[in-house]
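Q: So the chains spell out like this:
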Amino acid sequence: MTMMTASDNTATSKSRRPSVDFKTVGPAVALLLLCIIGFLLNPAFISEGNLTNLLTRSAFIGIIAVGATFVITAGGIDLSVGSMAAAIAGVMIIVMDNAVETMGTGVPTVLLGCGVAVLLGIGAGWINGALTTKGKIEAFIVTLGTMGIYRSLVTYFADGGTLSLNFDVRGTYRPVYYDTFLGLPFPVWVFIAVAICGWLLLNRTAFGRYCTAIGSNEAVAKYSAINVDRVKTLTYVIQGLCVAFATIIYVPRLGSASASTGVLWELEAIAAVIIGGTVLKGGYGRIGGTILGALILTTIGNILNFTDVISNYLNGTMQGLIIIVAVLLQRSDWKLGRKPKA
Amino acid sequence: MSLDAPAPAAVIEAVNISKSFGPVPVLFSVSMDIRPGEVHALIGENGAGKSTLMKILSGFHDPTSGQIRLDGKQIALPPNGASETLGIVLIHQELNLAEQMTVEENVFLGRELRSHGLLDRKAMRTIVQRHLDEIGLGISPTDRISELTIAQKQMVEIVKAVSRKARILIMDEPTAVLTEEETEVFFRQVEKLKQSGVGIVFVSHKLNEVKAIADRVTILRDGQWIDTRLSEDLTPDLMAQMMVGRELSDLYPPMHEADVDAEIVLEVENLVAPAVRNVSFTLRRGEILGFSGLIGSGRTAVFEAICGLAPVESGTMRLFGEEVRNLSVAGARDAGLAYLTKDRKEKGLLLDKKMQPNLTLFALPKFVKNFTLDRKAEEDALKRAIRRFDVRARDENIIVGKLSGGNQQKLLLAKIMECDPKIVIIDEPTRGIDVGTKQQIYHFIAALAAEGVSVVVISSEMPEIIGICHRVIVMREGRITGSLSGDHINENEIMRYAAGLKREELH
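These protein sequence lines map, in sequence, to chains V and P. Okay, so the first sequence: first residue is 1 according to the numbering used here, each after it adds one. Okay, so the second sequence: first residue is 1 according to the numbering used here, each after it adds one.
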């Protein structure tokens with residue numbers, strides 16, 4: 001490269017800009033298109049009621065997906081999040097129901113439940129992380145195992161049926177899902193807060209840089225004085241914490257938990273992450289994209305609910321198609337028209 | 001090959017080839033021809049255009065202008081390795097084998113023999129066995145690639161090429177990762193291939209090897225064709241001069257006398273670790289200490305243990321007079337001790353990232369302000385490093401994997417130096433890089449030592465150990481067998497200790 005001069009530098013950097021933008025802007029364009037389609041099919045799509053409903057629904061998957069972005073960026077995967085949410089919800093309800101006698105049905109009981117949820121989330125995430133790093137088992141296998149364990153635990157606690165929250169506690173807890181603040185439902189605020197924290201953590205801190213480095217090449221990370229095991233474990237802990245937050249805002253919605261709580265959430269979360277442009281094998285993560293991915297997934301379901309052009313039962317098909325198309329569009333050689341021989 | 005015999009017609013010819021990547025020209029009207037049964041070495045500094053020319057000769061790149069002629073007829077080579085069907089095989093530096101498959105499966109990959117629609121394993125095995133026997137290689141067709149050494153893998157690549165009836169074999173630095181013994185085995189294979197009429201193009205930075213094995217040598221510099229000459233008319237020195245375009249008498253910097261009374265900064269006693277048996281040595285401030293020995297003698301293992309990359313089983317270690325134990329990599333870094341890996345692609349740099357995150361990764365805590373990364377400081381660090389280490393990139397935003405080997409090595413050096421270590425261990429400082437960059441790195445090491453930094457240089461290249469080190473420790477089979485300083489540092493002595501012909505009782 002001895003012949004390159006300063007004048008070449010500027011020329012190439014300018015000509016390269018647009019291709020980068022495409023990748024970043026892609027999910028946003030897709031969401032915008034979906035919204036336009038939704039509006040054309042049924043103008044009620046952009047009613048305030050529908051939009052807030054859409055955002056609230058996105059919050060669960062979105063919050064979990066923010067955690068999944070860290071795990072995937074660092075080269076891992078967590079399949080246990082849906083089961084984990086169900087197990088946390090179950091234990092939360094049991095704890096709160098049992099606390100009614102001593103603590104009453106007021107705010108302290110709900111806070112106790114939330115505290116338990118957070119501890120469980122951190123603990124469950126730590127178990128996933130420790131088994132992956134210290135136990136040296138592949139993340140896919142570890143979390144496939146814990147997915148089964150958490151799922152069966154909630155079935156066991158509910159004795160095959162449904163765990164229901166005490167009616168009065170439910171009354172106290174209800175506003176966490178149903179109330180709004182400055183016009184936005186409470187879950188949306190939690191979503192926004194988690195998203196901002198996640199973005200800062202991934203893009204502005206050493207920890208985020210370490211996640212990316214580990215996902216990109218673990219050996220390089222090790223030789224660069226990064227405590228690989230600790231960082232990887234922490235990504236699972238963050239994932240667990242995000243699941244706990246999502247569960248805390250989910251429980252007051254129905255006030256119950258059963259074996260079917262949170263089914264397939266792990267796939268939706270991973271799908272949101274991938275649609276958003278994060279690379280599944282790690283090394284490149286985008287929180288902003290993940291948020292858009294979660295919104296896209298929810299929007300598809302919402303549009304199908306609104307129209308009879310396509311059966312609502314085909315929701316999964318549409319989501320699946322979007323995932324595949326999103327990844328096709330993100331292929332780096334796609335935007336150049338053909339695979340370059342270089 | 002003698003001058004009297006008429007040269008046989010070339011199998012493949014590149015005529016006035018030019019190539020640009022976007023606005024950046026990398027080859028200017030280069031010509032080269034390869035005749036049957038000759039070894040044609042292609043040499044030049046990193047970035048001179050060797051790789052590009054090889055890829056054009058094998059169809060992986062299209063030339064921007066110029067012609068490729070096969071058997072005298074102009075041809076457009078098919079892309080992506082399909083030229084193999086024409087008998088032109090490129091063996092990449094990072095070998096192209098399926099690690100989890102067997103030797104036999106790899107050799108026949110994509111053109112398996114079938115009988116009645118099923119794989120004819122027996123026939124394939126027999127053929128592969130015959131080729132392996134010819135080479136005299138102690139491996140079996142059923143061995144898994146992942147269990148072979150790099151040298152054996154390379155032989156498998158060659159068998160693969162031979163079994164595809166290669167007429168032209170193009171090899172990118174085949175000996176860069178081989179030990180001397182393995183290189184000899186490799187050269188015997190090359191000799192056999194030559195006799196069977198295969199034309200071989202081979203890129204190497206080891207000019208002694210080029211002199212030993214090549215019939216003709218083509219020299220490129222800055223994308224220009226400089227000369228093609230018979231190897232018997234060239235000496236390694238002359239080749240180096242033609243590559244660099246200037247006298248290289250100052251390859252090694254002038255040696256400053258080491259201060260024998262300088263404080264001891266690192267003292268290791270009876271270190272035992274994986275592949276390390278009872279190693280003791282000291283390192284002084286401002287000293288350049290060489291670690292020599294054969295590959296696998298435990299040189300790297302000693303320092304991986306010291307720097308927290310591998311467990312220490314027993315032994316004591318004093319850093320700046322204070323005893324330390326069980327250092328983590330981060331702990332070692334914070335104590336002023338840094339290790340620069342010899343494996344820059346696998347362990348040194350994030351090849352899919354830009355230069356800036358790579359540069360600051362090792363010293364990242366230094367760039368944290370109020371819990372967040374100070375991006376301005378990171379950008380400034382990159383500008384400084386590019387200047388200080390003369391990293392030549394066509395663009396600051398280039399992906400590191402696209403930099404030439406020499407520039408990657410400079411960036412890796414910059415990355416390690418970003419934490420201002422007091423002691424730096426450089427493992428194979430110049431592996432796979434060109435003469436010009438080597439020279440820069442040697443001068444840089446000397447300058448560091450002059451500033452009072454202690455440098456350990458682990459190297460398999462004897463001339464560089466002799467050229468820049470104040471003192472040399474020689475290892476064999478995990479032990480230190482000798483220590484040389486001053487005028488006693490010479491190739492002969494080092495070799496005798498390394499080969500186990502001589503050992504001194506230390507401490």
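In short, the hints are calculated from the structure, not lab data. Worth double-checking, as some hints may not be accurate.
Stated by the list, open to error - Label-pair distances were calculated between CB atoms; the ranges are:
| hint | chain 1 | residue 1 | chain 2 | residue 2 | range |
| --- | --- | --- | --- | --- | --- |
| 1 | P | 76 | V | 50 | 30 to 36 Å |
| 2 | V | 156 | P | 144 | 52 to 58 Å |
| 3 | P | 377 | V | 324 | 38 to 44 Å |
| 4 | P | 110 | V | 28 | 39 to 45 Å |
Even glycine gets a Cβ: it sits at the ideal position worked out from N, Cα and C.
Q: Against each hint, give a clear statement of whether it holds in the structure.
A: A quick look at each hint next to the structure:
{"no.": "1", "hint": "P/76 x V/50: 30 to 36 Å", "in the structure": "violated, 58 Å"}
{"no.": "2", "hint": "V/156 x P/144: 52 to 58 Å", "in the structure": "violated, 44 Å"}
{"no.": "3", "hint": "P/377 x V/324: 38 to 44 Å", "in the structure": "holds, 42 Å"}
{"no.": "4", "hint": "P/110 x V/28: 39 to 45 Å", "in the structure": "holds, 42 Å"}
Hint violations for this structure: numbers 1, 2, all remaining hints satisfied.
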